[in-house]
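Peer 1: Using the hints, position chain E against chain R.
Okay, here's what each chain looks like letter by letter:
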Amino acid sequence: MFFIGLTSTMKTAFSPERKPHVDERLILELAGGERRALAELYRQTDSAVYGFALSILKDPHAAEDVMHDTYLKILDSAQSYAPMGKPMAWILTIVKNLALMRLRSAKNETELTADQAAGAENSGDFTAEISDRLLLSKVMRLLTDEERQIITLYAVSGLKHREISSVTGLPLSTVLSKYRRSLLKIKKHLEEEHNEK
Amino acid sequence: MKNKEILNRLAGEIRDITPDVSGKLSLNSPENKTEVIKMSQKPNKKLKRWIIGVSAAAVMALAVGLGFSGYRYYSVDTVIGIDVNPSIELKINKNETVIDAVALNSDAEVILDEMKLSGVDYNVAVNALIGSMLKNGYIDELKNSILISVDNADAQKSAELEERLMKEINEILSGSSVEPALLAQSVSGDAQLEELAAKYNISLGRASLIQKICDADPTKTFDALAQLSVNDLYLLAESKSVSSSGVLSQGSPSAGAYISADDAKSAALSHAGVSADSAEFISYEMDFDDGRMIYEIEFLAGGVKYEYEIDAESAAVIKQETENAGGSSGAGSSGGGSSGRAITREQAQEIALNHAGISVSDITVSKLELDDNKYDFEFISGGYKYDYEISASTGNIVEWKKEAASNSSGSSSSGSSGAAVTPDKAKSIALGDAGVTDVYGYEIDYDRDDNKYEIEFSAGGYEYEYEINASTGDIIKKEKDR
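These protein sequence lines map, in sequence, to chains R and E.
In terms of the working numbering, the first sequence is residues 1 to 197.
In terms of the working numbering, the second sequence is residues 198 to 679.
Warning: the hint list may mix true and false statements.
What the hints assert, rightly or not - Once the Cα atoms are required to be at most 16 Å apart in a straight line, the calculated EDC-like pairs of lysine to aspartate or glutamate come out as:
| id | chain 1 | residue 1 | chain 2 | residue 2 |
| --- | --- | --- | --- | --- |
| 1 | E | Lys564 | R | Glu196 |
| 2 | E | Lys516 | E | Asp474 |
| 3 | E | Lys564 | R | Glu192 |
To be verified - Computed spacing ranges between beta-carbons, pair by pair:
| id | chain 1 | residue 1 | chain 2 | residue 2 | range |
| --- | --- | --- | --- | --- | --- |
| 4 | R | Arg162 | E | Gly580 | 25 to 33 Å |
| 5 | E | Asp420 | R | Gly33 | 44 to 52 Å |
| 6 | R | Gly85 | E | Lys354 | 40 to 48 Å |
| 7 | E | Thr418 | R | Glu192 | 32 to 40 Å |
| 8 | E | Asp487 | R | Thr144 | 44 to 52 Å |
Bear in mind the hints are in silico, worked out from the structure with no lab data behind them.
For each residue, glycine too, the CB sits at the ideal point set by N, CA and C.
Same shape as in the complex, but just chain R (with noise of 0.2 Å):
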């Protein structure tokens, strides 16, 4: 018999610092011209732009376009960039608009509501291709849609609730509780899966 799974079962070790380091000169060079900052941009920022485009669209292939499109989009506009100290959060500020724009459009062409046209053109899609194993097919599949932003954003941005809490445009207290309840399921979810063994 065939089965097909396109992930492999490498287990990368992940260094336990979950906070990645932006450094914001980088936009501050791209907005000078200097597009090499882009490659080093890229590198500090990549899981993150790609995981939080995932967790809004469930498809691997949508977030690779718009994790695509957001560098474009960061190339364009450097010169906008506002030095505030919270270069991340302007990157996955991209993202989200990103997400939600092609979440949109896929919408007018369905007809679907955008959690429906997400949901049915790409769960599938999702399944299998990210291994039941993983952890983050749990994460697709048990959280709702904000639940699964929230958790993965605190995952691989390195963002603070609070600032979760701007880019999403969710209270605090929403993604403090969400975050928790997101969690409660997830170890849940695990617990029962450890004693059915």
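Peer 2: Below, chain E alone, put in the same frame as chain R:
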């Protein structure tokens, strides 16, 4: 699993699947070429390379290497790796014509000797190679595994070619008595893997399979596995269930060269002097240890846990360990031994309920299991979920946990025999230090390994994290973030 572990794992997984779009970005800006290459050399992005494949930059580099002469015909579009024991790489162009066939080991030289494959269609070449391997005894009933590795920049094309190759190889072998076990995978220019492949003189495909096994079982080293045949690697991969994702598979690798798992179990039982009826098998798996294929077998009998290593070729007992229910262990000690279980289920339940101060009539749900000479006792009462681990030999409470049974965040506490500071005391230490009384999102975890409490809460717009020593109440670590 703790919050931090969950978040770290999630971040790691996302990092692993983050695609590399740096190549695409820079194609629009030729003056940036040097940066592109720098970006695509980013280390530790194993998975993305599996998906994305060879970057456009690498293809360009190859074209430059060929001096652009006959660019279209001679540019390598795909590399197909075929591993049995002979390891051969076929480099094919966009029209699927073979440009070059490379022998990666001496067995492959035997196969490729006097074969001229350049200029023929890839499927003709595959046919000739498999036919020759069959004729020369590299493929037979005992060695039926064939590893196919496809390296193409386009993941979809790779997958499609993998399937086609599997079908074609099946057809080639359908006339023989061999039921092939096929593994197909996409590989691509992972620098680390290429380095390993070159170091051990093996194909990229074999290297990636070995890497997958090492990842699934960190006790294995690349060095040890590099000497194994594809068939043995496949057996290991299957035993450790690493072949189920990232690869196409079909058929089972032949274990004909080895004794069966049942034979290995009987060998262990007869050595232990235990009858099959009285043994309860916990686990068995094939493994590679100290240069040989072995079975690792664990079973329980008469209150004793047995661990055996059985040589998969000779069925000889290589290693034996027993652990009696009291917890003491002795390598090589002969079986038998009476059960060290002194505590009954009822007593364990009573101990837990006494500790919790709850009467049996107030329990709504309960679970009581004996595992590893400990009773695992779970129950819900008064809106809390209790989880106790009680030693079956001494009746001591090894670990306990109490947490709000509902989904909402509530207070939770846990402790162990080693914790002198109660969770409530730890909470007051943390809150006292922070100088706050009104907190939300309060969470406390007990870390048994380090005998400490991990406390998180938010107050006054700050997030606090504390670690408190559970015996002394000392603050080990604190963090305050806005």
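Peer 1: Evaluate the given range 44 to 52 Å for the C-beta pair formed by Asp420/E and Gly33/R.
Peer 2: Roughly 49 Å apart at Cβ, these two residues keep to the hinted range, so it holds.
Peer 1: Mind checking the alpha carbons of Lys516/E and Asp474/E for me, to see if they're no more than 16 Å apart?
Peer 2: Between Lys516/E and Asp474/E the Cα gap is close to 23 Å, so the pair fails against 16 Å, i.e. violated.
Peer 1: For the hint 25 to 33 Å, verify it against the beta carbon of Arg162/R and that of Gly580/E.
Peer 2: 31 Å, holds
Peer 1: Would the hint linking Lys564/E and Glu196/R be met if the CA-CA limit is 16 Å?
Peer 2: Cα-Cα ~13 Å, so holds.
Peer 1: Does the Cβ pair Thr418/E, Glu192/R satisfy 32 to 40 Å?
Peer 2: Holds, since Thr418/E and Glu192/R (Cβ atoms, about 35 Å apart) stay within the stated range.
Peer 1: If I claimed the Cβ atoms of Gly85/R and Lys354/E lie 40 to 48 Å apart, would that claim hold in this structure?
Peer 2: Holds, at about 45 Å.
Peer 1: Taking only the CA atoms, is the gap from Lys564/E to Glu192/R under or equal to 16 Å?
Peer 2: 13 Å, holds
Peer 1: Mind checking the hinted window 44 to 52 Å against the Cβ distance between Asp487/E and Thr144/R?
Peer 2: About 51 Å separates the Cβ atoms of Asp487/E and Thr144/R, which means 44 to 52 Å holds.
Checked against the numbered hints given earlier, the structure breaks only hint 2 and satisfies all the rest.
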